[in-house]
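Protein sequences appear in the order of chains A, B, C and D.
In the numbering used here, each residue's number is its place in the first sequence (first place is 1) plus 45.
In the numbering used here, each residue's number is its place in the second sequence (first place is 1) plus 45.
In the numbering used here, each residue's number is its place in the third sequence (first place is 1) plus 45.
In the numbering used here, each residue's number is its place in the fourth sequence (first place is 1) plus 45.
Worth double-checking, as some hints may not be accurate.
Unchecked claim - To give an idea of the interface, some chain A residues facing chain C are shown, with a C-beta separation under 8 Å as derived from the structure:
hint: 1; residue: 175
hint: 2; residue: 176
hint: 3; residue: 177
hint: 4; residue: 295
hint: 5; residue: 305
hint: 6; residue: 346
hint: 7; residue: 353
hint: 8; residue: 355
hint: 9; residue: 362
hint: 10; residue: 443
Just so you know, these hints were derived from the structure itself, not from any lab.
Positions of the beta carbon are idealized from the N, C-alpha and C atoms, including for glycine.
Listed here are the chains, written in short residue letters.
Number of protein chains: 4
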Amino acid sequence: MDYTDPAVLTRLRRDLHGIPEPAWCEFQTTARVVDACEDIGVDTLHVGPQAVASDARMAVPDDDTLADWRATARDAGVDEALLDSMAGGHTGAIAVLDRGEGPTVGLRVDIDALHITESEADDHHPAAAGFRSEHDGCMHACGHDGHATIGVGVLAAVADSDFQGTLKVVFQPAEERAGGGKPIAESGHLDDVDYLYAVHLGLDHPTGEVVAGVDGFLAVSHLRADFTGTGAHAGSHPEDGRNAIQAMATAIQNLHAIPRHDGGATRVNAGRAGGGTAPNIVPDSAFLEGEVRGETTALMEYMKSHADRVVRSAAEMHDCTVETATEGQAPSAESDRELAACFGAVAADRAGVDSVLDSDALGGSEDATYLMRRVQNTGGMACYVCVGTDHPGGHHTPTFDVDEQSLRIGVGALTTAITRVAETRP
Amino acid sequence: MDYTDPAVLTRLRRDLHGIPEPAWCEFQTTARVVDACEDIGVDTLHVGPQAVASDARMAVPDDDTLADWRATARDAGVDEALLDSMAGGHTGAIAVLDRGEGPTVGLRVDIDALHITESEADDHHPAAAGFRSEHDGCMHACGHDGHATIGVGVLAAVADSDFQGTLKVVFQPAEERAGGGKPIAESGHLDDVDYLYAVHLGLDHPTGEVVAGVDGFLAVSHLRADFTGTGAHAGSHPEDGRNAIQAMATAIQNLHAIPRHDGGATRVNAGRAGGGTAPNIVPDSAFLEGEVRGETTALMEYMKSHADRVVRSAAEMHDCTVETATEGQAPSAESDRELAACFGAVAADRAGVDSVLDSDALGGSEDATYLMRRVQNTGGMACYVCVGTDHPGGHHTPTFDVDEQSLRIGVGALTTAITRVAETRP
Amino acid sequence: MDYTDPAVLTRLRRDLHGIPEPAWCEFQTTARVVDACEDIGVDTLHVGPQAVASDARMAVPDDDTLADWRATARDAGVDEALLDSMAGGHTGAIAVLDRGEGPTVGLRVDIDALHITESEADDHHPAAAGFRSEHDGCMHACGHDGHATIGVGVLAAVADSDFQGTLKVVFQPAEERAGGGKPIAESGHLDDVDYLYAVHLGLDHPTGEVVAGVDGFLAVSHLRADFTGTGAHAGSHPEDGRNAIQAMATAIQNLHAIPRHDGGATRVNAGRAGGGTAPNIVPDSAFLEGEVRGETTALMEYMKSHADRVVRSAAEMHDCTVETATEGQAPSAESDRELAACFGAVAADRAGVDSVLDSDALGGSEDATYLMRRVQNTGGMACYVCVGTDHPGGHHTPTFDVDEQSLRIGVGALTTAITRVAETRP
Amino acid sequence: MDYTDPAVLTRLRRDLHGIPEPAWCEFQTTARVVDACEDIGVDTLHVGPQAVASDARMAVPDDDTLADWRATARDAGVDEALLDSMAGGHTGAIAVLDRGEGPTVGLRVDIDALHITESEADDHHPAAAGFRSEHDGCMHACGHDGHATIGVGVLAAVADSDFQGTLKVVFQPAEERAGGGKPIAESGHLDDVDYLYAVHLGLDHPTGEVVAGVDGFLAVSHLRADFTGTGAHAGSHPEDGRNAIQAMATAIQNLHAIPRHDGGATRVNAGRAGGGTAPNIVPDSAFLEGEVRGETTALMEYMKSHADRVVRSAAEMHDCTVETATEGQAPSAESDRELAACFGAVAADRAGVDSVLDSDALGGSEDATYLMRRVQNTGGMACYVCVGTDHPGGHHTPTFDVDEQSLRIGVGALTTAITRVAETRP
């Protein structure tokens, strides 16, 4: 397959769109990417525990979930040996092109999907064109299918160029859970990177618009709380119960009521919750998964410390116990303006690019910030790039889709920036 | 098999204990009972839609759940034709012995289990003796395995006697969800019953104690609320969300705070709840399953009308919509004292019965009340009987178990009461 | 004044009705009672710290409130010396008639009023007849004006009789706050009482009906919680605040949601709450006054321990501190059936008494229970009597009123029971 | 008195500090200001309904409160005729200096105080120096005593200068309640103003720092909700109650949980709340005073519409009714950068001014925005100026105080800007 061919890239994106997989379960996706990298002929391919610092992974699902997704991948024909190399949820890959002396450039793309059921509406292009998600309840609703495709496309195009230096393309798992950035950062693979790009499609920017240097990442922390009470027959002995669902509900109400902060934007969300077994049993267990964010890492920590207190007090209120865990986290970060300027200048000249914005605030979170900070802390520069794409539905909604024109634009701008890095670098 | 043999009954009870099935999924249990009835040689056996008024069923699970339990039963060797007769969750059976002229006596036993994971502790007898639940997360934690066994035992013993009249033994599904009483009552099979007994083991009474006429049933109604909001990215556009989990939490908090009532005992429990998909998505859906009870049907209705208002207001509070459904219900009822007195007199003479209590308040709910009221309204009498059993853990807890001695006591007392009904009846 | 004259008693009741005073502020009421006792010529009159165990008083208002009510009493012409004897909120009185050898009989009446604004409606008799409350926001909405009048009437009638023995009439303050029963009990004045009567008008019984032995007192405890947080400008520095009103609101929601108890009736009420200073300031303080009750003292203690935990956790939830206090309390108690039977027999013969009920459950609380238990614990008997009265509005509502016929009935029945105690006593 | 003398101004500020009065109750403060204006010899003095559009006033307290503060002012010696002119809470004044042809310049200062009890600590200067608040529970904790003093100082200095044009100094009431801005704007007095200055001390800027053009005003709306339920005896008939305090608590919890908004900063505060009458009565009424804010008027409206829904749903949840009112409001606004630049240039040259900031975000609200928008909409320019002052405690806290040096700095900078307006104006 010739991954420098736009039509081939479109097919790849559609293939990936059809097989969305959640955090640390990207077995089939990784296999598809690995296959492409091998086709391209990369010099080194890190997969499994070689690609990530295993212990730094967050939000790894339980064994049953991993086993289910692995089985799905196997049923779809993924090679057992490759699956073995990803055992225990070590998905993702880092592909390296080694082209002699020259700067080391990194490109980070993320590959995981969301627990959203994709639209079946006639005007939803993936449904109409037959490449809608084959995995019920899971969907690429944030464009990571496109990101992975751009990563492959850039690899192929740079491989095909006279680039001098080293290119490392990181196919990162578990971005949606803020669980994959830290283990990639801590893998050490980025420590020699001079220039790191991370790329995202859309973000409310139309096709033809490029943002050279996204900022305003909200620091984020995902928390999970497991409440344990005591069951009882709700009719005959309600007083014997310690109601874990009441504890959970009290926590939810009060989490959302954490005071706003004058220092900047904060966020809180109790995104998933559940508990109990039957209407007539006082529930002895309940859980809560949520997140807090802050415009700065300090603001996120402010929210996190309040959230911890709320959860603990809610448990105590109903005489329950609670265990809490951090299930994903990402700091805030800033794009280096010099690198952003270089990218902007290159991008402005590309066909299909109508306008280049200097910067824009994301207003969301991204664990690419771990990678950016790692590179910045080891003396390199980092820049987060947005490639606009017309998207009919919002990110994280059932009708999200990308304009496939933007794949070509993204591959082109990034490839040019990378191959001309020697002359354009700051 | 000789179901008049106590050892055979004990084996039956252990078989049933190992295959607990929840409401309307009692495929394997019904099959085991049907098998026993056929062994005994009953005259008529109503199964499937013949046994219950199909439309009056409440708390029928969704098709996937039914299919899963049906598959489990099939895998365990249950006959396909029998399974077909129970299609769509028409479990349970009514066995009829027709022995000529004489009164028509009914006996109601319930057969469903609970969503509780059974204890694996060494001092939990079913675990130690090897007949612990084979169905993960499901358990006979309220003795219905024993109730079904008593039903079979009484059938066998009466069949073996010189009883003159008709005996109908109702193996009722879905008692735990208060979903099976109404469809049995509305089936019409009880309309010619002169004397109805319902039986329960335990209820904090020790082996050797019998209660001739339990009362104090709390009327109960199970409610389900499904909240629908609007999803949104919790970081970048929280204001676009309409948070279904916040609605659910507000409902839970305020349900438990419905005012107590001077007219008698009331209960409320939010027993099961859940919602959302991921920490970073404003949850667009959530649900709540709970129950209200009252010492009288009017008190239950008081709680129900408050609960309805709470749920609706909670949805409106967070700009969500809500759909509510009644998923199970049972009125209050009273045992007829004359029938209870007759049963008490008979029971007192039985071996193994140390003491007979005139009456006791259940303090819980039971949809046998639908059957009792049906019989009473068509001119018959009804009596709810408790056969004490030493139970190490409380009802509806993972260590509940029954003393198998009580099976023999229950069969004996009920059989005597039934076979001597002509002479002892009020 | 001749307090054996029904017309004089009616005038006394109306006088008292016009000057309602809340707990421990009954300066004018006590003065009016003292005046009557002196007219009657009692042998001993205990007022102030002689009548109550000062330290055992609960719910004593702050100095400003005491000073205000004292000033009102002084302005109305109450003697300064008498006011001095009641300094610091030592209201109430115990009047003793010493008539030689014979049993010691006690009669307890309560004298305080409620913080309710009396109706001005034309069909509200006190308003129409011109003896409506002169104290804005305060009202005799539970008949204590009538109770005090009955106390005076019985004193006068017994003084006028040939009774042999000792009569002690206790005019108890602060019943509505459950603050006066304990200090009366601990005063020691009841330790030689052989037979104690406590009396209440109404309780949904019509004129002509008498209840000889009220039971079913709910044990009660009044709690006050003062939350302290940290103020902040709500616009510019919300994060600096620790919101005491949020703590209060969380406590209120969760107090009402304390699990019901299978052991019997429980109650909870957050009856008064407040806090904060301005819309734009994060509130640094808030308070809550509420109560819990139980059908038994143990059930009240169950509620109290849950309430304590709820209040503490709510404070912690919002990083506030909290101080709690018990502001009133009363145990449950039972009337002695033998004494009740004697009273019932006597009452049945009285003119105006149409029916005598053996017993009735109050369904509310009463700190007469402290006095009853004291007498019972020192070897005497106690009986709580209800004298029915047609009351247009419910107790504790703005349109409550008593049928003044019932004053005569109450005085008559109690006087007869007391004067004939030697012959009728159990 | 010579109000161009700094020592006299300091005395004036201390006088005003000692007599803090809340919104629309600034009788004594207005009188003191009027007295100074007369001393200075202004040309016109608008007081009472002449100064404000009476119907546009918000947050006017009830008649009793107005009467109390009027009585306090009268007792302090304020002239009855002047008090009559302010009858019904028409406080505040507009003083006009008419000095011939030339531009019309406005200066707005606010004069009301807060419901905060001033610190008595030794290190709190007003306490140590003997000019602490004489009005218990009321305090100038936001520097409005200084603002009024600056207004008088500027009037005196400009009167003493060769200024050509018209100067209007607005002494605005009720800023803290956002109740006075709108009625001043709608009075029409500002419609011919070419340049409007509003001034504030402190805001975390030290003495010597001046901000030429404050921005970032949060739009604000104050809401009041009055919940009405049904009272009942909490022990004997809890089911008859409709608990207004539960409605209030539910509203408080859910108000604070209104979703944050990606469009900018929002705020919410339930600043004052209360209800109920006694622990044993189900509360039939409760109230809530709070506010919402937004970085833009649209964001404030977003919060307001959510808050309205929360309050209504909370009432419905507990079967209560609710009446809501907007008790104060202010839009957002922007300083004109040209006018700000002119002021900055002038201020930089003044003695005592160490640094001039171009702009700063307030992060709070101010109803000067109504005046600014009015002037801007009628063709003029407006600039909000901050004069730094060392303040030991934060704004709206009991230890707030101003460095009196800043009074002279403020008077100097504003006077120069006004008197040199002809040459410096944009």
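task = Find the hints from earlier in the document that the structure breaks and name them by number, from lowest to highest.
result = 1, 2, 3, 6, 7, 10
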